[in-house]
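Chemist: Listed here are the chains, written in short residue letters.
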Amino acid sequence: MPFLEVNETRLHYEDAGTGPTLLFLHGWGTSGRVWQSCLPDLVRDHRVVTLDWRGCGRSDHPADGNTIAGVTADLVQTIEALRIKPTVVGSSIGGLFATELALARPDLVERVVAVDSPGYWPSTGMLEKVHDLRKRLVDDRAGTLEDWVPNWFAPGTGRGLVDWTIRQLLDSGVYIDELFTECTTYEPRRRLKDLAVPITYLHGELDAEIPLEVPRSCAAATPGARVHVLAGCGHVPHQENPRAFTAALRTIAA
Amino acid sequence: MPFLEVNETRLHYEDAGTGPTLLFLHGWGTSGRVWQSCLPDLVRDHRVVTLDWRGCGRSDHPADGNTIAGVTADLVQTIEALRIKPTVVGSSIGGLFATELALARPDLVERVVAVDSPGYWPSTGMLEKVHDLRKRLVDDRAGTLEDWVPNWFAPGTGRGLVDWTIRQLLDSGVYIDELFTECTTYEPRRRLKDLAVPITYLHGELDAEIPLEVPRSCAAATPGARVHVLAGCGHVPHQENPRAFTAALRTIAA
Amino acid sequence: MPFLEVNETRLHYEDAGTGPTLLFLHGWGTSGRVWQSCLPDLVRDHRVVTLDWRGCGRSDHPADGNTIAGVTADLVQTIEALRIKPTVVGSSIGGLFATELALARPDLVERVVAVDSPGYWPSTGMLEKVHDLRKRLVDDRAGTLEDWVPNWFAPGTGRGLVDWTIRQLLDSGVYIDELFTECTTYEPRRRLKDLAVPITYLHGELDAEIPLEVPRSCAAATPGARVHVLAGCGHVPHQENPRAFTAALRTIAA
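Protein chains in written order, with the working numbering: chain D, 902 to 1155; chain F, 902 to 1155; chain R, 902 to 1155.
Chain D with its partners taken away, still in its complex shape (with noise of 0.2 Å):
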């Protein structure tokens, strides 16, 4: 069964695989079809769990508890549900939910692997962006995606590749802008001396939505934290070059 309920939302899952276990959180707006390169491979020695979260993919689109407590909060029941102590895969915003879900449940997390993730947003000017951007996606929400995701990628990333994530973005629920606003405020590096399980910084070396300086910066403030960077890819290191990601995750959760 491919669906879970959890605080009165059904959420989709996939769940193949035996061994270790690996749970994938994607980023903003898109579901868990965006590790599906790296699947067939990982699922040969591990349990993998794909989530899409709260708003997003073939989950529900609730009106409320979009929020990175309300998304913490499914995360936590989901693991419970499934029984798991998985090695918490999180790309984008998606790393914001593992650290925060290691820093709160320690015990339900084994390791966290942020990927390309925010960690804390810079304060420089993100609050008017956010706000900006926000009410663009009102606006027209198409031409706004069009115009934003293909910054996601490294140059040179194909159209397809491209066009295949605005239309996930459309397919999922706007009430997840919610979060844009909440991050521009989050700042997790004085607790993050507190993170009681161990994690890896996993970075595109191009990333040009979040700059190689915040996993850094994090990792500075995180004993034992460690980053690794993937040379030529930007955002979405697990889309734009499956082969290297999968390698370089074996590593970090071997």
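If you are wondering where the hints come from, they were derived from the structure by calculation, not from laboratory data.
Wrong hints could be hidden among the right ones.
[Claimed, not checked] A few chain D positions that, by computed beta-carbon distances, are all more than 12 Å from chain F:
#, residue
1, S960
2, R984
3, E1011
4, E1029
5, A1043
6, S1073
7, L1107
8, L1113
9, A1121
[Stated by the list, open to error] Have a look at the derived ranges for each label pair, beta carbon to beta carbon:
#, chain 1, residue 1, chain 2, residue 2, range
10, R, T1152, D, R984, 53 to 59 Å
11, F, A1148, D, H1032, 15 to 21 Å
12, D, A1132, R, E1083, 33 to 39 Å
Beta carbons are placed, not taken as given, at the ideal position from N, Cα and C, and that holds for glycine.
For chain D, the structure is supplied; the task is to place chains F and R on it using the hints.
Modeler: Relative to chain D, chains F and R alone:
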């Protein structure tokens, strides 16, 4: 749970917020997603229900019941199952369904907002045009939609919104084509004098599918009906200018 | 209810009409939606079942069972659950599934219509080509499909149909890539002499994926088999010329 079962058909809907209830009915072949950019504003002080009607979106695509009477019967059961008495906001053929529902069961409807709604299809040549349209939809559905759908939007609309609409149409079923032929002979004007529910015709100034003459003629036939014109919009103002559409709806439903 | 559970996998199907039963099996990676333009005609006097087989469309995308034997086992359970004895119409690899089902369980199948079906894959070079294809699908699934899929259609096919097909392929799972490798060694011809169910090879004249030599060679190996060529069509005649395809199917299944 985002599905309900009516007349042996599973319908997908979303239901959020509290307050006076708005029930949204999309146009031919799209889905409840067409309203999405209007919802974050409205859900703050309304209960908002978006329905994928029979044959569309994530609802079942049955081969039968694809008639005005069939969809209206589904709406009766939907409203009774949800225990609501909503303002029914219908786009294009969705406004026709809302009108017929209000004529048949005024006890279930608080108010009708017919958005660029056919009301009636001018008889000149429509039967022949629709016959030709249906043939072309069989021969080359994707190509026919690519020719036709841009006409739904005011000049200058971005390609992304047009493409997303075509995609939704391709993902819905084909049995709904039957509705086109039925609509060519639809003529409610003699019956509108008996409409016991307030109705507003909210119409895009530049609608090239249903000219403004249609809602004006219908409004003239209906006691107390109003026409509200949205400047600069085409056939789907809720997608072309969600902010202006939502503001107009707030005025109408106040 | 449009889902059934077979072999711990939830499969999506649609089931409409009454009369002699047609079970439609799509090709690699698409879904039951590929048949849609043929259905309004056929459903008038047939029971029509379209199935999204394991890994495709709205069915589950499990990591295992993605083999000829696995899908065929699903078909046995599907047919038994629906209590039908259908004409099985399979496109491309779907025709291979239909053939294997009829060989294994002739009691469940009235007739096979293999539409541009591989039957067997000529051995020259295919193993190497498929090995390369699978690598490219991991490295750049969207780009690889954009290069390949236009070749499925006869020259002159509109871009909208090609794009819609690519989109369906991207939305299906990736574990089904395993089927490609298995197909490279597929050779039914020695066994076709034992086929106890009537079979027709319905094939697009211009199919650039599976040349006409393949169904002709298979038909020569099968007692009573017929070949029916659709002029001007490529690999997916049911999408390229639904009207001609439906007419041919009526002749075959009469």
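Chemist: Each hint needs a verdict: does it hold in this structure or not?
Modeler: Hints and how they fare:
Not every CB of chain F is more than 12 Å from the CB of S960 (chain D) (nearest about 10 Å), against its label as outside the interface. Distance check on R984 (chain D): its Cβ is at least 24 Å (rounded) from any Cβ of chain F, clearing the 12 Å threshold; non-interface status holds. Interface exclusion of E1011 (chain D) from chain F stands, the closest Cβ pair being 33 Å apart, more than 12 Å. With a least CB separation of 19 Å from chain F, E1029 (chain D) remains clear of the 12 Å interface cut-off, as annotated.
Annotated as non-interface, A1043 (chain D) brings its C-beta within 12 Å of a C-beta of chain F; the closest such distance is 3 Å. Not every beta carbon of chain F lies more than 12 Å from that of S1073 (chain D), the smallest distance being close to 10 Å; the non-interface claim is violated. The beta carbon of L1107 (chain D) is kept farther than 12 Å from every beta carbon of chain F, the shortest such distance being approximately 25 Å. For L1113 (chain D), the shortest C-beta to C-beta distance to chain F comes to about 31 Å, beyond the 12 Å cut-off, and the non-interface label holds.
No Cβ of chain F comes within 12 Å of the Cβ of A1121 (chain D); the nearest lies about 37 Å off, and the non-interface call holds. At about 56 Å, the CB distance of T1152 (chain R) to R984 (chain D) agrees with the hint of 53 to 59 Å. For the pair A1148 (chain F) and H1032 (chain D), the beta carbons lie near 20 Å from each other, so the given range of 15 to 21 Å is met. Here the CB-CB span from A1132 (chain D) to E1083 (chain R) is close to 35 Å, well matched to the stated 33 to 39 Å.
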